[in-house]
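In order, the protein sequences belong to chains A and B.
Here numbering that gives the first Met the number 0 is used: the first residue of the first sequence is 0, the next is one more, and so on.
Here numbering that gives the first Met the number 0 is used: the first residue of the second sequence is 0, the next is one more, and so on.
It cannot be assumed that every hint is accurate.
Put simply, identical chains are the same to the list, so a pair is met inside one copy or across any two.
[Unchecked claim] Each computed SDA-like pair below joins lysine to any residue, with the alpha-carbon atoms no more than 25 Å apart:
hint, residue 1, residue 2
1, K268, E290
2, K47, T260
3, K105, G162
4, K105, N93
Quick caveat, the hints were computed from the structure, so don't treat them as lab data.
On a predicted model such as this, the values are computed, not experimentally measured, just so you know.
2 protein chains.
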Amino acid sequence: MDEKAAKAPDVFAPLSRIEETLDRLSLHPTAPRGLQEAVRYSLLSGGKRLRPILAWHACVAAGGDGADSLCAGAAVEFIHCFSLVHDDLPAIDNDDLRRGRPTLHKHAGEAMAILAGDAMTLTAFEVLLDAKPAHLPRPELIRELAHATSAMIHGQVWDTLGGLPAGLTPLDQLRLIHRHKTGALIRASCRMGAMCAPSGPGFEQALAAITRYAEDIGLMFQVVDDLLDVTQSAEHTGKRTGKDIDAGKLTYPGVLGIEKTREQVDSLKRDALTAIEPLGSRGAALAELCELMSTRTK
Amino acid sequence: MDEKAAKAPDVFAPLSRIEETLDRLSLHPTAPRGLQEAVRYSLLSGGKRLRPILAWHACVAAGGDGADSLCAGAAVEFIHCFSLVHDDLPAIDNDDLRRGRPTLHKHAGEAMAILAGDAMTLTAFEVLLDAKPAHLPRPELIRELAHATSAMIHGQVWDTLGGLPAGLTPLDQLRLIHRHKTGALIRASCRMGAMCAPSGPGFEQALAAITRYAEDIGLMFQVVDDLLDVTQSAEHTGKRTGKDIDAGKLTYPGVLGIEKTREQVDSLKRDALTAIEPLGSRGAALAELCELMSTRTK
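Start from the sequences and build out the full structure, keeping to the hints where you can.
Below, the structure is given as structure tokens:
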């Protein structure tokens, strides 16, 4: 494992640039101080930054400079963080623990958590409005993020409150929920990162390949999450486990069994890797990320 | 009063076009049905539509066709409605009644109210991304709405949770809260409406005049609201009254007394009317709206 890691690209190399960007963008010059503290408490709490990392490497895979994706990746991370804060609220998932710390509503109160979530949504779009460098296709980035965020909220409604379209098998229900709830934002991370690359010859093909990759890893991410929920303890995941099963929610292991769920992970991984084969070495970091995501333990 | 009304422009003539637009835009083709019902319950409940009406007449005042402002006005109304739904939540203002009906969290549950508010924010931006007619300055409209919504949330934080900058007089505290909480979105309604007019000669001067008007009526709106809270019953306002005083909140009558608060309304009205004088007859509907807002009873 260590030997393999030594040869593989260091996919987390952009992490310090990403953290710097999030730190800078979360300092709103005129916001109430308490709101800013709440936003920073949630946002700067050592998340994996999977979405900005994906944006960076998708930008490279599409022929760009990864650093050009920093604003786009940060905007997606603001939306991701808003969704965690609202989903954790007592009326929705009622979670007290997130990344091993009290959730925002436990730390700063429910009113602040609601309003900080709202504020982060807006900051995401404000970040894109002023995204640098100036050549970025800002309206297209805004469109991508708005549609993905909308889809994410739809997925959360289905997951929390039900009301799925009639006639779907349990597996199709799961796929519909997760393609929206988790998949849409992972897809947007990759596509927005790619859109920060110059749109020269071959760009459209690269974007299409990255989009297919993103859809596969987005679903895989959730399948792995469901597996971790039944196979790992809170100590590993930093949050309460077994809660999906406790809540009577549909999960992949619940529908398919653990073995078939593992096969599903392998199959999605193969599809994702196949999708980016045409990108050659430019896609190496995306391939490595896919490997890591398929075997993650938290 | 009737004679005067007969001569004045019918400022509410665009109402049916505005309602049609909101009805159409609230039908999201792929959204969960329950979410769509929640959004429509809140949005299509007979509000005054002050903000789309302002957008329409500001568009006319800037030399445009009022109908070109329909999408911009609707986007602002989606944001206004999101803010009402979240502000009504138990953790924030804890209101059970809105426009004479149960608030959304009483009607559809707290989780749905949180998520419907989130969804409406996104819809507002999606509406602007596809705003018609095609010549509209969409990125500028999005920028205007994003900054105003952000400011509105800041105002709500100060109003609900405190934490105002130190050293302000009570009157300056009130102005800071209301310029953000109510004023920013009223300003955006007028500016976005004006921005839907063709930007020919004189446009920048017209936009500046409309902006000054909007800032004055935005503050006036809140001063009148504070007056109504102490002088009218729930029967008139369709919501619980006296609650600001009960909650120990700063209000204009509380700081200035009722008489000086009435003088404040007159002074803001005069300033607003003076600001749009250079627009001549094109500003007649904005002037009439200002008169109506200064004497409204709910």
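Each hint tested on the structure:
In this assembly of identical chains, K268 and E290 lie within 25 Å of each other by CA distance solely inside one copy; the values are 7 Å within and 65 Å between copies. In this assembly of identical chains, the alpha carbons of K47 and T260 lie at most 25 Å apart only when taken from the same copy (24 Å versus 53 Å across copies). In this assembly of identical chains, the alpha carbons of K105 and G162 lie at most 25 Å apart only when taken from different copies (19 Å versus 29 Å within one copy). For a Cα distance limit of 25 Å, the shortest separation of K105 from N93 qualifies both inside one copy, at 10 Å, and across copies, at 19 Å.
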